[in-house]
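Could you build all of it, start to finish, from the sequences and the hints given here?
So the sequence lines, in the order shown, correspond to chains A and B.
In terms of the UniProt record's numbering, the numbers along the first sequence are unbroken and rise by one, the last being 297.
In terms of the UniProt record's numbering, the numbers along the second sequence are unbroken and rise by one, the last being 297.
Rather than coming from a laboratory, the hints here were simulated on the basis of the structure.
The beta-carbon is built from N, C-alpha and C at its ideal position, and this holds for glycine as well.
Interface residues of chain B toward chain A, partial, derived using beta-carbon atoms under 10 Å:
1. A45
2. R222
3. F242
4. V245
5. P248
Protein chains: 2
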Amino acid sequence: MLSGKARGRISARTEEAVRAAAAELGYRPNVAARALRTGVARSVALVVPDITNPFFGRVLRGAQRAAQEASYTVVLVDIGNNRAWEAASVEALLAGPADGLLLFEADLPPGTSEHAIQIEMAPGGEFPVVRLDVEAGVDHALDHLLELGHTKIGHVASNFDAPTFDLRAARIAARLGPVPTVMAPFTFEGAKVAAAAMLDEDVTAVFCDDDILAGGLYLAARERGVSIPGDLSVVGFDDLDFARVLAPPLTTVAVDAEGLGALAFSALAADLAGESVPPEQVMPVSLTVRESTAPPA
Amino acid sequence: MLSGKARGRISARTEEAVRAAAAELGYRPNVAARALRTGVARSVALVVPDITNPFFGRVLRGAQRAAQEASYTVVLVDIGNNRAWEAASVEALLAGPADGLLLFEADLPPGTSEHAIQIEMAPGGEFPVVRLDVEAGVDHALDHLLELGHTKIGHVASNFDAPTFDLRAARIAARLGPVPTVMAPFTFEGAKVAAAAMLDEDVTAVFCDDDILAGGLYLAARERGVSIPGDLSVVGFDDLDFARVLAPPLTTVAVDAEGLGALAFSALAADLAGESVPPEQVMPVSLTVRESTAPPA
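If you want it as structure tokens, here you go:
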């Protein structure tokens, strides 16, 4: 037989027929299916919107660490903020050998029978969700700015459409009502151009949806000679590695991206093992206060 | 038959035997093999040492763009700077559905018959190599520092063992002879601790193997009150996104990481198509001069 193990149990003629038919049909040994019996590493796939954002590298790293302990490998599919490419990638994954899927802000076609966990999505869909406590993150940031005495607060918001950014905007509106808002893309240069408009607004502090957007605001402020935090306090979100090498170091909502990846893998592993998985698991976040926030001048 | 297409060409009894044997052996339709005949997306795998370093996200993005045009998907395997895990991941990949492998600083077991391209490895091995012109990058950086008048130049070197870093060290030695050197890890905090020792050396300029190491040197200099570039000129390598938001913006060797990924995919696609592939292809690099370098005080 193709793996040699069937020898003696199936006639030579049938074996030859299987071999020929398998070759004709394009069949090859499936590593995941075989691994279930041999104990060799199995695999899950993680789909992320933009691997060039270091946040997602940390999510992958966390999922990997948890997966290694369970003898799984994790393969990553980056959809490059491209919804059309997301659909093609997910379709390819569904036909592939992954035992299950971790979907960051991604959906599956309705009715698929895959094992999947969704990350940073709204609960109530087909699959269990793990997500960060984004509302608490916004609260921590706003509480900090309000305690410093700021009453004129702006919002540099992501122009990438995702539930996590809707949650930020909704929480800001619930806490402060309408605030000056600019939409910015996820590159320093693009965010700089967008965030420059915020410097024309009557604000003393700015909440940024992400550290990359805050970095863009730093660049805009530097060009205009606006001092952070002397003229403007800035808060980011994610506590990416570079936040602490900015000058001044960035006050930002710290999230455990590796923990989020690990939690997502654990939920998927439980699902694959036939255990019940809570429909929603929420990871706590905290505020890292550095030097980009101060009382208004 | 399992795909239905063999009906009428193979007897019902043989079909049943194939179906039962395939199930027993854990065979499932292989998407890559099938895709070769149906035109559906095929896949290649990219193995990288550390996806939390944004450089590798850009390599993936470049490979992806080239792959999309050729109707391939790219899956990523991150080995987390862990050579043992690298071996397990590569083993899993070899049994998987990938049509070919892009190996960044990774090796395959000897004698495997895979289609593979190696990235940033020394040429002369079993597989074609694509790499950056690291020697030219070092030359650009040193020429710039020498032209500014620096004669006391230090080296903050990567403590991760890889051919690309050996090339940097060899080129510095060839140009300058022995120089003060410290070995630093690839985190800002770890690099800060390691790079602090460089501030005790009698140097007026420092070449860093990577922008992350330069970021660590910035942190150490800030703690000590050492002014960049007033007291110390700093050059990085890679031109990662955050290099331009550092204060002062970092002078660094700009490399086309996306182009490197795209070139690697193109080489693999040519190999898969049976075309000949040059044993070594080298990507040019350039120097981006920003504000972290100035004449010595």
